[in-house]
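Novice: Protein chains in written order, with our numbering: chain L, 10 to 100; chain Y, 10 to 100.
The set of hints was computed from the structure by calculation and includes no laboratory data. Predicted model, so just to flag it, every value in this text is computed and none were measured. A few of these clues could be false.
In this list, chains with the same sequence are indistinguishable; a pair is considered to hold if it fits within one copy or across any two.
In the SDA-like style, the derived pairs of lysine to any residue whose C-alpha atoms are separated by at most 20 Å in a straight line are [what the hints assert, rightly or not]: (1) K52 - E84; (2) K22 - R71; (3) K52 - V12; (4) K52 - L62; (5) K22 - T81; (6) K22 - N80; (7) K89 - G44.
Now for the letters of each chain:
2 protein chains.
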Amino acid sequence: MPVARVVVDVMLKPEILDPQGQAVQRALPRLGFEGISDVRQGKRFELEVAGPLDEAALTRIREMAETFLANTVIEDFTVKVEDVDGAKAES
Amino acid sequence: MPVARVVVDVMLKPEILDPQGQAVQRALPRLGFEGISDVRQGKRFELEVAGPLDEAALTRIREMAETFLANTVIEDFTVKVEDVDGAKAES
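Isolated chain L, as found in the complex (with noise of 0.2 Å):
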């Protein structure tokens, strides 16, 4: 049966202050990478959905990931569609 591979990502929202970026983009420098402005740093999740992923589905996984892979009261989430060969299609 094929497979399919939903990838929600998860970032703190632009108004959250995000000290594991901050971390990164400090170490920068130090370690010879300059021109960095800002690092931002999340979670992506990779799901396998069993079944046809139609848009019931669809519906679900956001349903999913905006009550429990995402806290929506300080991060944004996003739901994409991932093409096992590498493509990709925004929902």
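Assemble chain Y onto chain L, guided by the hints.
Specialist: Showing chain Y alone in chain L's frame:
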């Protein structure tokens, strides 16, 4: 000055056990979400690049990802340029 955004995704290699992803996958049915056969959890870095995003800058970012953002013994990474004018642009 235009600022370009580069996204570095860091995921555990497929052959490496991912206990965080497994914990999420096992929690989903308890929360009422069926049909997700596998979950992998990784990191997403959004880098704002000051200056031109030419091939030299991208090469530098790939080097940075390889030596600093990812542990290439157990992790794979991808580097993507993201269009800031896209749907996610600030309004």
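Novice: A separate judgement is required for each hint: does it hold in the structure or not?
Specialist: We went through each hint and held it up to the structure:
1. Taking identical chains as interchangeable, the C-alpha atoms of K52 and E84 lie at most 20 Å apart whether they share a chain (10 Å) or sit on different chains (14 Å).
2. Within a single copy, K22 and R71 get their C-alpha atoms as close as 17 Å, which meets the 20 Å cut-off; across copies the closest is 26 Å, which misses it.
3. When the C-alpha separation of K52 and V12 is checked against a cutoff of 20 Å, the pair qualifies neither within a copy, at 22 Å, nor between copies, at 23 Å.
4. In the homo-oligomer, the alpha carbons of K52 and L62 never lie at most 20 Å apart, since the shortest distance is 22 Å inside one protomer and 24 Å across protomers.
5. Taking CA atoms no more than 20 Å apart as the test, K22 paired with T81 passes inside one copy only; the shortest distance there is 9 Å, against 29 Å between copies.
6. In this homomeric assembly, K22 and N80 come within 20 Å of each other (Cα to Cα) only inside a single copy, at 10 Å, whereas the closest approach across copies is 26 Å.
7. Taking the shortest Cα distances, K89 and G44 sit within 20 Å of each other only across copies (17 Å), while inside one copy they are farther apart (29 Å).
In summary, the structure is inconsistent with hints 3 and 4 from the numbered list given earlier, while agreeing with the others.
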